[in-house]
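Novice: The primary structure of each chain is shown beneath.
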Amino acid sequence: MDLTFSAEETTFRDELRAWLEANPAGAPPHGDEDAQYGWRREWQRRLADAGWAAVHWPREHGGRGATLTQSAIYYEELASAGAPLPANVLGLLLAGPTIMTWGTPEQQERHLIPILTAEEIWCQGFSEPDAGSDLAALKTRAVQDGDEWVITGQKVWTSMAQYAKWCMLVARTDADAPKKHQGLTYFLMDMEQDGVEIVPLKQITGESEFNELFLDGARVPAENVLGGVGNGWKVALTTLMNERSGLAFFLQVRMRQLLDRLIGEAAERGLLEDPVVADRLGDLHLRCEVLRLTAYRGLTAIETYGQPGPEGSLTKWMWSETNQALTQLAADLLGPEALTAGAPWAFELLRARGNSIEGGTTEVLKNIVAERVLGLPRLK
Amino acid sequence: MHFDLTEDQKEIKRVARELLAARSSWARVREAAEAGAAYDEELWRELCGLGWPGIAVSEQFGGQGLGAVELAVLLEELGYACAATPFLSSAAAAAAIQACGSDAQRARWLPALAAGEATAGIGTRALCADGIGAEVLVLLERPSGEAMLVTGAECAPLETIDPTRRYATVSGGDAEPLGGRGGAEAVAGAERVRTAVAAEVVGIAQRAVEMTLAYVKERRQFGVPVGAFQAVQNRCAQMLLETESARSTALFAAWAADAAPERLAEAAALAAAAAADGGRSVTASAIQAHGGIGFTWEADVHWLYKRAQLDAALLGGARRHRAALATLAAARVAQVA
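Protein chains in written order, with the working numbering: chain A, 424 to 803; chain B, 93 to 429.
Worth flagging that the hints you see were computed from the coordinates, not collected in a lab.
All of these numbers come straight from a predicted model, not from anything done at the bench.
Backbone N, C-alpha and C define an ideal beta-carbon position, used for all residues, glycine too.
Some clues are possibly wrong.
What the hints assert, rightly or not - Per the computed footprint, the stretches of chain A lying under chain B, defined by three or more beta-carbons under 8 angstroms from a beta-carbon of chain B, are:
id, stretch
1, 634-643
2, 727-739
3, 793-800
What the hints assert, rightly or not - Here are the computed lysine-lysine pairs in the DSSO-like style, where the Cα-Cα straight-line distance is at most 30 angstroms:
id, chain 1, residue 1, chain 2, residue 2
4, B, 398, B, 105
5, A, 603, A, 657
6, A, 602, A, 657
7, A, 603, B, 105
8, B, 309, A, 602
9, B, 309, A, 803
10, A, 803, A, 625
11, A, 588, A, 803
Unchecked claim - Coverage of chain B stretches by chain A, computed from C-beta distances (three or more under 8 angstroms per stretch; other residues unrestricted):
id, stretch
12, 308-319
13, 334-340
With the rest of the complex left out, here is chain A:
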């Protein structure tokens, strides 16, 4: 057991830290979401130029062939430096690795570099109004028409659709397949066409991180099928398996920074003397550390056994509950000023409600733990 970084890991961290110090992302620009996004896109270009955009990608595709631990270090350092995630995060984390696993040489040649440089942004067309946690229930249809597929249906929770050139789209190509996760196909869909309509979804924060996607006769050439017709469920699982690994460390550091901010503001108000306040802050500190330690245990398990141990299913659940408790405590301690429209704490409070829904609801995560980790029977 060794909870220090190895020589290679330390070298990696120091090199990255030095680069981040010399090349700060700077403060986010004032202005609308487009300005913010432009800033993150420019940030990714700088990262890509220096070889820091996709450390977990193999070297042949412009990455650094980073180990899981190095990848974790990457996200921790990015967050610690106050830098944003690269703009094309879905492309880097999801589309790229999925295309590397399932793509033809032509598809890899066509797509990987523009993903890396943020020249082409990607979004994810999985969830539908009636297919959230139950993804295999999706209804969007793809019908073959000569060398093309014609797509009709609706997707929802599509973040970055307004900036995206491409969409990872899963659609039903065989409605008669005996089981619902059969007969699905994974498409690389060009967003810039008439059959694609993007409608921003206003969320409880008032912002629009997500969109609805209305597909009415959108066309995808046959060469843009990924992983073969009818194989969409397996390809989609590759995407989903990639979803929660490295990002957890970024979010974990962000939560730590938020807690430190709360502790600072509580101290300024002289609230730390209150034993109830100290108890609750101490509890949040404990939960943040448990999350960090457990996430590292999960990495070791994957590196050693090729799959996460029982602790691996717990971190997303822990993170969402802790972030919600943290932002709620901020509202308790800071009073009305934390609830003022536009106040940063008010935004965090509302945004945190999404944490236990996005990327797998806590209810579904508990079901997964119960069935796959604890081996409990499923109710027929």
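Assemble the complex: chain A is given as a structure, and chain B must be docked to it using the hints.
Specialist: Positioned in the frame of chain A, the structure of chain B alone reads:
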């Protein structure tokens, strides 16, 4: 970064699990408990013969020369078995004296503790585990947080809800700080003792999870195993979360004790807070998930619940450690600002 036991440590764990499964069944634990907190003397002699109490004592003093992580591995297994022996106190005291004691204290106590010729007690004057019959006590002094070596004290039996272990109240005796001088070493000694108790709690929680899973897969109501109901499943998932949280922090503290002593204060507080609350919550859930059976003497889950309660008391409760963590985090924030 490798946050897992080494192959050697896993081997120790496997051997301990097998030995205790064979020697310390629930029937044996119950027998010792029902005899009025008697220890399983035969088991204790066997563990001493194997050199377990001296696992973290250097070879110079007749120990195994291993460290806090190996001690934690054994403690988890003793907790898992809920074994009725003075192992926790003797091994934890020996480890603390080895790491933080003065030369004289080491020479005086380690050979006898490692060989099992003497036993030790740990805790406070109000609640001392394994104090009866012990030749030396490692007691926490408040508010300094130092560990004191106490000899010649009077230990009065304290009957608690946990008859799988002997407890006492302590009066009188000669006390000197661990390390002789007081201050950082003596405080670190107390942190090592808490780290050891937290490791035992991980084993208690692990056993509670496993017993519960076995039960809810077996027990049928409404024509299905009760473990098929989501309310039961969610409770079990929560038990896993709390057990793994305690494990992450207990391993971190055991590792820090030897490899990163400058992080031990924080790590031990994390481990103590997670274990004190987690152990009680997981074992309470075990009783609930067992239904009516869980409330009976025969079901044996209550031994785990009772041990978890007393261990939480030995740890001083979670609140104290959460307050310490808040102070520590605030100091760190103030330093950066």
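Novice: Against this structure, judge whether each hint is valid.
Specialist: Structure-based check of all given hints:
Using a Cβ-Cβ cut-off of 8 angstroms, 0 residues of the stretch 634-643 of chain A lie near chain B, which falls short of the minimum of three, so the contact claim is violated. Using a Cβ-Cβ cut-off of 8 angstroms, 4 residues of the stretch 727-739 of chain A lie near chain B, which meets the minimum of three, so the contact claim holds. Counting residues of the stretch 793-800 of chain A whose C-beta lies closer than 8 angstroms to any C-beta of chain B gives 7; at least three are required, and the coverage claim holds. In summary, the hint linking residue 398 of chain B to residue 105 of chain B is supported, as the alpha carbons are separated by about 24 angstroms, within the 30 angstroms threshold.
A distance of roughly 13 angstroms separates the Cα atoms of residue 603 of chain A and residue 657 of chain A; the hinted pair therefore holds under the 30 angstroms criterion. Only pairs whose Cα atoms come within 30 angstroms are accepted, and residue 602 of chain A paired with residue 657 of chain A is accepted, the gap being roughly 14 angstroms. Restraint check for residue 603 of chain A and residue 105 of chain B: not satisfied, since their Cα atoms lie roughly 45 angstroms apart, outside the 30 angstroms limit. Among the hinted pairs, residue 309 of chain B with residue 602 of chain A is consistent with the structure: their alpha-carbon atoms are about 28 angstroms apart, no more than 30 angstroms.
A distance of roughly 14 angstroms separates the Cα atoms of residue 309 of chain B and residue 803 of chain A; the hinted pair therefore holds under the 30 angstroms criterion. At most 30 angstroms may separate the alpha-carbon atoms for a hinted pair to count; residue 803 of chain A and residue 625 of chain A exceed this at roughly 37 angstroms. Under the criterion of a C-alpha separation no larger than 30 angstroms, the hint pairing residue 588 of chain A with residue 803 of chain A is inconsistent with the structure, at around 43 angstroms. Residues of the stretch 308-319 of chain B with a Cβ under 8 angstroms from some Cβ of chain A number 5, which satisfies the need for three, so the listed coverage holds.
Note: the stretch 334-340 of chain B has 4 residues with beta-carbon separation from chain A under 8 angstroms; the three-residue rule is met and the coverage holds.
Of the numbered hints stated above, those contradicted by the structure are hints 1, 7, 10, 11, listed in ascending order.
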